[in-house]
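As they're listed, the protein sequences go chains A, B and C.
Last residue of the first sequence: 267 in the numbering used here, with the numbers rising by one and none dropped.
Last residue of the second sequence: 295 in the numbering used here, with the numbers rising by one and none dropped.
Last residue of the third sequence: 154 in the numbering used here, with the numbers rising by one and none dropped.
Calculated from the structure, these hints are not laboratory results.
Owing to the predicted nature of the structure, the values given are computational and were not obtained by experimental measurement.
Result set (BS3-like, lysine-lysine): computed pairs, CA atoms no more than 27 Å apart in a straight line:
(1) Lys97/B - Lys72/B
(2) Lys54/C - Lys199/A
(3) Lys148/A - Lys72/B
(4) Lys148/A - Lys97/B
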Amino acid sequence: MVGKPRQIMFESLARLGHLGLHALARIGRGHLLLLAILGGSASLAARPRLLLAQIYNIGVLSVLIIVVSGLFVGMVLSLQGHYVLSQFGAAESLGVMVAASLVRELGPVVTALLVAGRAGSALTAEIGLMKATEQLSGLEMMAVDPVKRILTPRFFGGLVSMPLLAALFSAVGVMGGYFVGVGLLGVDEGAFWSQMQNKIDFREDIVNGVIKSLVFGWVVTWIALFEGHDATPTSEGVSRATTRTVVHSALAVLGLDFVLTALMFGD
Amino acid sequence: MEPHSPRDSSEAGTLSGVRLDEAGDDVLVRVRGLVFGHGGRRIFDGVDLDLPRGKVTAVMGPSGTGKTTLLKLIGGQLRPESGHIEVDGQDVHALSKAELFRLRTRMGMLFQSGALLTDLSVFDNVAYPLREHTTLPESMIRKLVLIKLEAVGLRGARDLMPGELSGGMARRVALARAIALDPMMILYDEPFTGQDPISMGVLVNLIRRLNDASRLTSIVVSHDVADTLAIADYLYVIAGGQVMARGTPAEIRANPSDWVTQFMEGLPDGPVHFHYPAVPLAGDLLEASLEPGDA
Amino acid sequence: MPRLRTLEIMVGAFMAAGFLALFFLAMEVSNLSADVGGEGYRLQARFENVGSLKVRAPVTIAGVRVGRVEAIDFDPQRFEALVTLRIDPRYRQIPEDTIASIFTAGLLGEQYVSLSAGGSEVNLGDGGLLEQTQSALVLEQMIGQFLFKKAEEG
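Chain A on its own, in the form it takes in the complex (with noise of 0.2 Å):
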């Protein structure tokens, strides 16, 4: 085939308007599952149940990662800030330092990509192996319409757990912040807090911290459902659609971070 460059070069062509048509489609059906799924919200709200099962399932089981890591996150950014800051002897604006760092950023995003990892690709799992194991279709033919049923209390589960754990997150790394800065590192403690609540923002800062974990909690929620939905019904479908969904889920975290933090703090 060396002799025939264009035929390569129409065969290129072809594999990438191909690959296009197919993204195109996988796109479509994700919208048309969202508009699904947001369509079984009336239903949900007669089965408050589920919906409790799936806050527990994606929130309350999420909560030892996200408190460890917050900690962790919130000590270490104490550790480093000290070090740079104190070299301006500004070492007073730790508190700013370290809490805006966690609910303008980190606690949105590192939470949004620990969920996607604990909580998502174990939603993409489920629904695939429902899927494959024809719960979903055995739920059609009882006349039960499984997006409804199955998909619309994670998603909202998911929308709901979000900003919780964020809020979570941010506030355990501020304390963890607080310890290994005026515990072990000796920064004044009234500076501390007071230049913190000098600084920090209540609507710029903490709620648009709230909106970005809320837009995270949809984004993270919908991909995870609809990998599952779309997976091939087999054992090597669902785990490549597991592995999607932490891909995709991390890469649009970090995109859709980048956009937001530019629509809201970009002057």
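Starting from the structure of chain A, add chains B and C where the hints point.
Relative to chain A, chains B and C alone:
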């Protein structure tokens, strides 16, 4: 409950296999000119079926002929490219979603894997359709579930989780769930596959008993010749997207076609080749030996 | 999956912890608790130069925080900055001859408005104007003046 009195004339009309339209009201599922493809492959190419009310009808064929697909088409989970399917006088694919769901509450489907919800116990699985589609009090649901579980002989297993059941038991629980709403018909997808002889016997017995006792219409899809012949009142044999043969078990056995004989007797070669379509072996081998040099 | 009752308790505890964390972030970490919000009364002051003073910067008397900067506008007629301060209603007694200065917290810290109380018997009310002000010190100006002085001496 549907009346259970197939008129002899109509039965004869169907059995002769010529004048399908004379089957009249005793046909519960009527398939006409069904065409369906998947991934560029024609699975059904103009299939006509009449599945009589109150009978056990079997649809047989080698694996890969789309038997499961046929059930999904009847249940409205898939849409045909052309042709139509009527269930109890309603065109399945012309119904709105709500109407389709209402029709499905009158159908039960037994999946090959059982398709039980793995996070619910046996009891809750059987109670699921009742809780979804009725407003019965919990005490009433309990009674109904126990009656259904008793019918499949698994009342004692009500607190087990699906993961703790054997394949045969899971299928029986699924059967209890399928009959929970007292449907007019049940679709069985390969009910005999992967069963040991005892649980196979139990299932065959159950299907027959349920059909006769509750005056259900049963549609069994299978490639298992012996057990299907034993259970069915009427058979369709499908292959290559066409109906190859139809008739009572006796008529099918007596069918002179080579193809049907091969399928029924399980002969390794005949009109259906042992080999998947391929280029001649010699050419294939020669090409393989050339390839490394080519790259 | 635990039993329904346990499930409800766990989810309830999780949501309570989440909201508590949000409350902690709002009250302890951010300025919401220090925010006098819509309450309080306004004072105005004109400055020749506000330096890098920001909206929401603290307003202090004797080092105690009494309010914050609400707005910084430019007055095109007088070519001056018009700074609006919102003062906590607890601190009603601010004499009319009070001096407003813009200081810097630490060498590189943020700038804030410091009020040094005067001796007048009359207090300022809502919308009152602080007549005497001292502008922010701009580092470049100070260095320039210093060099100029040195040159004169030498």
